Each structure stands twice: as structure tokens, then as C-alpha cells.
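Chemist: Take a look at the letters that make up each chain.
2 protein chains.
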Amino acid sequence: MTSKLSHVRIVGAGLIGTSIALALKSAGIHISLADSDPRAQSLARDILGDSKVGDSNEDVLEVEDLCIIATPPEALTQVIKAEIQRNPELRVMDVSSIKTKPLLDVSKSALSTSRFAPTHPMAGREVSGPESARGDLFTGRPWVLVREGVDQDLLAHAEEVIAICGGVLMSRSALDHDRAVAQVSHLPQIVASLLARTLESADRSDLELAGAGLRDTTRLADSDPVLWGQIIASNADAIRPLLISLQNDLVSLLEGLDESEFAQAFIAGGGQGRARIPGKHGGQPREYFNVTIVIEDKPGQLAAIIESCAQIEVNIEDLLIEHTPGQDTGLITLSFLPSDGPTVMAHLHHEGWKVHPSR
Amino acid sequence: MTSKLSHVRIVGAGLIGTSIALALKSAGIHISLADSDPRAQSLARDILGDSKVGDSNEDVLEVEDLCIIATPPEALTQVIKAEIQRNPELRVMDVSSIKTKPLLDVSKSALSTSRFAPTHPMAGREVSGPESARGDLFTGRPWVLVREGVDQDLLAHAEEVIAICGGVLMSRSALDHDRAVAQVSHLPQIVASLLARTLESADRSDLELAGAGLRDTTRLADSDPVLWGQIIASNADAIRPLLISLQNDLVSLLEGLDESEFAQAFIAGGGQGRARIPGKHGGQPREYFNVTIVIEDKPGQLAAIIESCAQIEVNIEDLLIEHTPGQDTGLITLSFLPSDGPTVMAHLHHEGWKVHPSR
Numbered sequence: 034m035t036s037k038l039s040h041v042r043i044v045g046a047g048l049i050g051t052s053i054a055l056a057l058k059s060a061g062i063h064i065s066l067a068d069s070d071p072r073a074q075s076l077a078r079d080i081l082g083d084s085k086v087g088d089s090n091e092d093v094l095e096v097e098d099l100c101i102i103a104t105p106p107e108a109l110t111q112v113i114k115a116e117i118q119r120n121p122e123l124r125v126m127d128v129s130s131i132k133t134k135p136l137l138d139v140s141k142s143a144l145s146t147s148r149f150a151p152t153h154p155m156a157g158r159e160v161s162g163p164e165s166a167r168g169d170l171f172t173g174r175p176w177v178l179v180r181e182g183v184d185q186d187l188l189a190h191a192e193e194v195i196a197i198c199g200g201v202l203m204s205r206s207a208l209d210h211d212r213a214v215a216q217v218s219h220l221p222q223i224v225a226s227l228l229a230r231t232l233e234s235a236d237r238s239d240l241e242l243a244g245a246g247l248r249d250t251t252r253l254a255d256s257d258p259v260l261w262g263q264i265i266a267s268n269a270d271a272i273r274p275l276l277i278s279l280q281n282d283l284v285s286l287l288e289g290l291d292e293s294e295f296a297q298a299f300i301a302g303g304g305q306g307r308a309r310i311p312g313k314h315g316g317q318p319r320e321y322f323n324v325t326i327v328i329e330d331k332p333g334q335l336a337a338i339i340e341s342c343a344q345i346e347v348n349i350e351d352l353l354i355e356h357t358p359g360q361d362t363g364l365i366t367l368s369f370l371p372s373d374g375p376t377v378m379a380h381l382h383h384e385g386w387k388v389h390p391s392r
Numbered sequence: 034m035t036s037k038l039s040h041v042r043i044v045g046a047g048l049i050g051t052s053i054a055l056a057l058k059s060a061g062i063h064i065s066l067a068d069s070d071p072r073a074q075s076l077a078r079d080i081l082g083d084s085k086v087g088d089s090n091e092d093v094l095e096v097e098d099l100c101i102i103a104t105p106p107e108a109l110t111q112v113i114k115a116e117i118q119r120n121p122e123l124r125v126m127d128v129s130s131i132k133t134k135p136l137l138d139v140s141k142s143a144l145s146t147s148r149f150a151p152t153h154p155m156a157g158r159e160v161s162g163p164e165s166a167r168g169d170l171f172t173g174r175p176w177v178l179v180r181e182g183v184d185q186d187l188l189a190h191a192e193e194v195i196a197i198c199g200g201v202l203m204s205r206s207a208l209d210h211d212r213a214v215a216q217v218s219h220l221p222q223i224v225a226s227l228l229a230r231t232l233e234s235a236d237r238s239d240l241e242l243a244g245a246g247l248r249d250t251t252r253l254a255d256s257d258p259v260l261w262g263q264i265i266a267s268n269a270d271a272i273r274p275l276l277i278s279l280q281n282d283l284v285s286l287l288e289g290l291d292e293s294e295f296a297q298a299f300i301a302g303g304g305q306g307r308a309r310i311p312g313k314h315g316g317q318p319r320e321y322f323n324v325t326i327v328i329e330d331k332p333g334q335l336a337a338i339i340e341s342c343a344q345i346e347v348n349i350e351d352l353l354i355e356h357t358p359g360q361d362t363g364l365i366t367l368s369f370l371p372s373d374g375p376t377v378m379a380h381l382h383h384e385g386w387k388v389h390p391s392r
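Those protein sequences? They're chains A and B, same order as listed. Under the numbering used here, think of the first position of the first sequence as 34, with each following residue one higher. Under the numbering used here, think of the first position of the second sequence as 34, with each following residue one higher.
Please keep in mind that the hints were generated in silico from the structure rather than gathered at the bench. Where hints are given, some of them may not hold.
Said to hold, decoys possible - Here are the simulated lysine-lysine pairs, BS3-like style, with alpha carbons at most 25 Å apart:
1) Lys58/A <-> Lys387/B
2) Lys387/A <-> Lys331/A
3) Lys141/B <-> Lys114/B
4) Lys387/A <-> Lys58/B
5) Lys58/B <-> Lys37/B
6) Lys58/A <-> Lys37/A
Given the structure is predicted, the values throughout are model-derived calculations rather than measurements.
All chains, please: the whole structure from these sequences, using the hints.
Modeler: Quick look at the structure:
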């Protein structure tokens, strides 16, 4: 029987490392957190409220059950080299966005691959650094674990970390993982960046007509270039066939661009592809009943609407606020379970709100 | 002096036509709304609460000041042909997503181009049909008007429609408009569809790892294929150079894909392009102070938080709810003006909320 985790060392105090640290600390596990960047190190120390974070003189006196490496992927070999000198019994769990490349790196290192558990929490934000960390970043999100060749004690520890963080454990081979993330994560990143790059040479007056479509489709383009440069290069073999397929599709489109039937079939194919994406957290897509309310854009209006909903004890599943600067009105769209919809509509209308159903 | 609008005929009871009808009707203008599709016609009639909608026997007795054509772009010539027989004094305002092609179509029709005001409200939704219409769909949104060669009375009527709908009038030439929307609207649509099309052949198990990035970047792929087929084909000349530029960028990326420095510069360029997009409604980008609160996922929690904010009279600029099914907690992110941030943080903390700053 594997012992429970009591001391975990985390190398890399970025978004992911600090978020794991927050979750493990809440579960009563002793954490030491180290980062080569003094700013990140000191910020993470404040966030964790723990003066021992990164104090390597003290750390060296304790032996951790598990070392989680949460640095950018290219630093992995170097970190392992340093860590194995600190602790010859080193067992490592990584959390990087690719899985075949780190396995290859480890196979050339002094660490046995049986002491390396490749994992990947499918959670992230366009923002980075310890200041963006959240103890619940991983709650309900897929967390991939590559089991092949990993020793049982280390597997048990990795599973414990994933469970404490609230992740949804998904076992994949390293190759299957890398093919999957090339499709669902790396390709969207590249496509968003490709689109955003065209804006560099656009006229300022043209950009004045930009709406939500352009903003949403380019959101990922704000991601960290250093991290993403490494991710893309490391997973180039899995990304390349997807980009070539996209390139071929683009060539066909350019040929048929001025035929509306061709363009129509092109757009329809995108809708069919998108329909294959599972819902918000890997489950089935959820259908909500949406209600749009026109309000005066001033403090207190939102509170009053929410209070109206609380009166009839319905749960607001989602909420969207849209302002119209220069206007005195705003729009609030509330989402409810379909069964609550008609009741809410009737109640809000009765309470005097300018309420409209929406899809 | 141009007389005020009293009777407007709208052809096309889709999202845009019905939304304009709702706004004009609220302003006391008499509307007749016609659609070749009986389902849309009947639904629009119910939505407007007006039994005269589409009753062409009655309509023919009245002469409208203005006819707004809100059909898919390819129907324009045919609609003009029919309408000019009803009313030889016909003055038309269109609302389609392209402007050079309709002008060309009209120049070949029986209608003088001086009696045709090309306009484009920059508002839309992935959903369509009269059931998605909102009288405030255009509030605060750019609404392009092409003035060249249009007679003064018609210009005044078009401006009155835009003002009543709450649109932000922007004058552009037809060519400038089409180049701008190719960049800010048509290219994002095509890129989202290109990405979504790759999902058709993806493994189901790979898609289980999909997150918000894939969903946001492909959101536009759900758009109406018939409408978008026509838009893309009609604006092919403005879209083509952008697609070729994107294609060249893709070829370069494929060559440098496994070099992390190259990939890093690629991603960085996307961030620089995206930074050029103006804020939510064409103004400067707004910076908010964001506060994240961990709550129990049950009715009343949101109301209590909003009430806490109302106590100190700060305005909530934006709000994001994230559920974690299978967990008892949810996350709420509130956005405030930067000047309100510290006060709100201190107050919510004092009120006992689990509050975290976020970027």
C-alpha cells in the first residue's frame, strides 16, 4: 500500500505550479515551491502565505514524496539534473502541454522513465504568472495521465494530486495525448494567431468596425509567446498534418471563393465539425433558456434583477452583461434551466422588467 | 426640409428586418413587414403584435416613405423588381453585409442608384430568424452608410432609421466598407470555419479534451451557411488578398514549425495584431479590475454578492459565472473600474466572501 502524500516539491511558480500548490496546501500537504525567477518566487510566497516557499536551505533538510515540475517544457532536463542531485530518490510528475517530447528528454537523462509520470491538466488561462493562480483552476477539468512504464507508487501519488485538485482523470498514451492536444488546443492557438497577425497591417479605420466575432476568434492570440513557442515546436510532428490539411482546405476555398454554393458548403462543413465538440466540461452540451433584459445602466439594477430571481428560487446558470457606452441602457442576458424558463419570464415581466426571450 | 418617416415597408422578416421593425414600431412608425417564407412572416406578425404585417392587400393601399430590404443579398435585384411595380416612387435602403455588389446590382436594375442607400448595421448573432430579433439589437453598434450619389431625402430617411435604432452612424465608401468587413468580419468567419472543419475527422476521444479555447475560436462556425455563402462569394475580391496573406504566413509557419524561436515570434505577432482592436463598442479598449469569488453553487449566492456591491455603490462592469458540475462550488468573476477595485476587494473580504484578485 502506497503511503499518502505528505511533502510535495513544486518547481515553477507560474499559473499551473502555484495553482497546484494552493490546492495541495488546502489539503494539508506540506509544499515547497521554487522558481528561478525571484519575482515569481516572492509573489508565490505571498499568495501561499508561507514563508518557507522557495527557502532552499530548509528544503534540503526534507525529502519530498513527489516533485512536480511546472516549468516551461524546455527547462525539464535541466531541472531534473539539478533535482536529482538534491534527492537521488527523485520521483517526478510533469504538467506540460506535450507528452512525447518530455518522455524522450527523460529517457536521455539520469532519471529512470519509471520515475517520471507524464501528466497534463487541461486547464489554463490567457493570463499567466502566480498572480493568476487559483486553487480551483483544475476543478472538473480533464487531467491526462500517461501510465505506461510508470512505477505504481508514483502513479498512486500522481492520482492523489489529480484527485486533490479536483481534476477528471483521463488515461491516454503519450502519442494519443499529443495528437489530441494538437487538434483541440494547439491548432486553435495557431489559427487565432494567424488571424490576429493579419490585423497588424489593417487600417485603423477598418478596425473601428470590429465586433465580438473578431475579438472572440482572436482571444487565444494573447497567449504567452515564450511558452507557446516551445509547445508548438515540441509538438510539431502532431501539428504539421493538421496544418497541411487546413492549408489544402484553404487552397480549395480560394479556388471556389466567388461561387456562393461552394462557400455555403464550406461554412456548413464548419458547423458540422463544431457540433462534434462535447459540452462545457467534457459532458453533453447544455441547453439553457435565455432571457434578455433591457436595463438602465446604473448601480443597483443588476442587484434588483437578481433579487427578483431569488424570490422565486430559480438558479441563474449564466449571466452576460453588455454595456452601450454613450447610451443610458444596458442589456443583461440571464440563462436558466429550460424547466425554469417560463416561470422566470412570467415573474420578471410581472415585476415590471423589460424582458425578452432569446435563444 | 425632409418630412419625418411615417410609413416604412420592410422586406425580409429575418433577424435584422424584424429587429429594425421592432425599433421603428416603438418609435410610432407604421410598419409593413413582408417575407416570402410564410413561417417567418407569421412569426414576425406575432412578435410585432400587428395583424397588418405582410397583409399585402392592405399594404398596396399605402405608399411607404422608405423600403428597407433585409433579405439575403442575392435576392436584392428580384425584390427591387417586384417592389418598383408596387411603388414607382420606390426609395430603398439595404442592410446587407456587403456594399459594392448591391450597388452594381442596382445600377443594372430599373431603380436609379440615387434612390438606393447602401447601409450595413454591424450587429448580428450566430442565431437567426425573427424569433432572435431584438428592438435594441443595434444600440451602440456601428451602422455604415454609403452617401455617394444618394439623394438628400433618402439620406435623411436612412439617417433617421439609424438614429431610431440607436446605431452609431459611420460614413464609408462602398469599397472602404467592403475592405473593412473582409478584415473584421468575413476573415474571422472563414478562419473559424476552417478550424471547425478539421474537427469533422477528429477522434471522438480526442475531442473529450476540448476546452474553452476550441469552443471560442470556432463559435462563428455555427453561422448560417446560406447567408454566409452569399456574403463570401459577393465579397470575394476583398477577401482573397487577406486569405492569400494568411496562406503565405501559414506556409512560413510550416517551414519553421519545429524551431521554438520561430514559433515564439509567430505567436508574439498575433498578440501585437490583436492589441490593435478597439474596445467593445468601437472605443478604446477598457481595462477592468477583476475580482474572482468562490461561492457555493446554490440559489441566492449571486444575489448576496451583488447586494454587497450595491451597498458601496460601485457599478459592476462585467460578470462571468463558471459552474463546476459535480462540485458544490462555482466561480464568479466581477469586473470593476480600476478606481473601484481596491474598495470592492476590501469590502467583499470584510463581508466574508472568498475573494481573489485576478487579471
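Chemist: Each of the hints needs a verdict: does it hold here or not?
Modeler: Okay, the hints, checked on the actual structure:
Restraint check for Lys58/A and Lys387/B: the C-alpha separation of about 16 Å stays at or below 25 Å, so the hint holds. A distance of roughly 15 Å separates the Cα atoms of Lys387/A and Lys331/A; the hinted pair therefore holds under the 25 Å criterion. Pair hint Lys141/B plus Lys114/B holds up; C-alpha atoms about 11 Å apart against a cutoff of 25 Å. Only pairs whose Cα atoms come within 25 Å are accepted, and Lys387/A paired with Lys58/B is accepted, the gap being roughly 16 Å.
Using a Cα cut-off of 25 Å, the hinted pair Lys58/B and Lys37/B holds, with the two alpha carbons roughly 14 Å apart. Of the pairs offered as hints, the one joining Lys58/A and Lys37/A holds, with about 14 Å between alpha carbons and a cut-off of 25 Å not exceeded.
In summary, the structure agrees with every hint in the numbered list given earlier.
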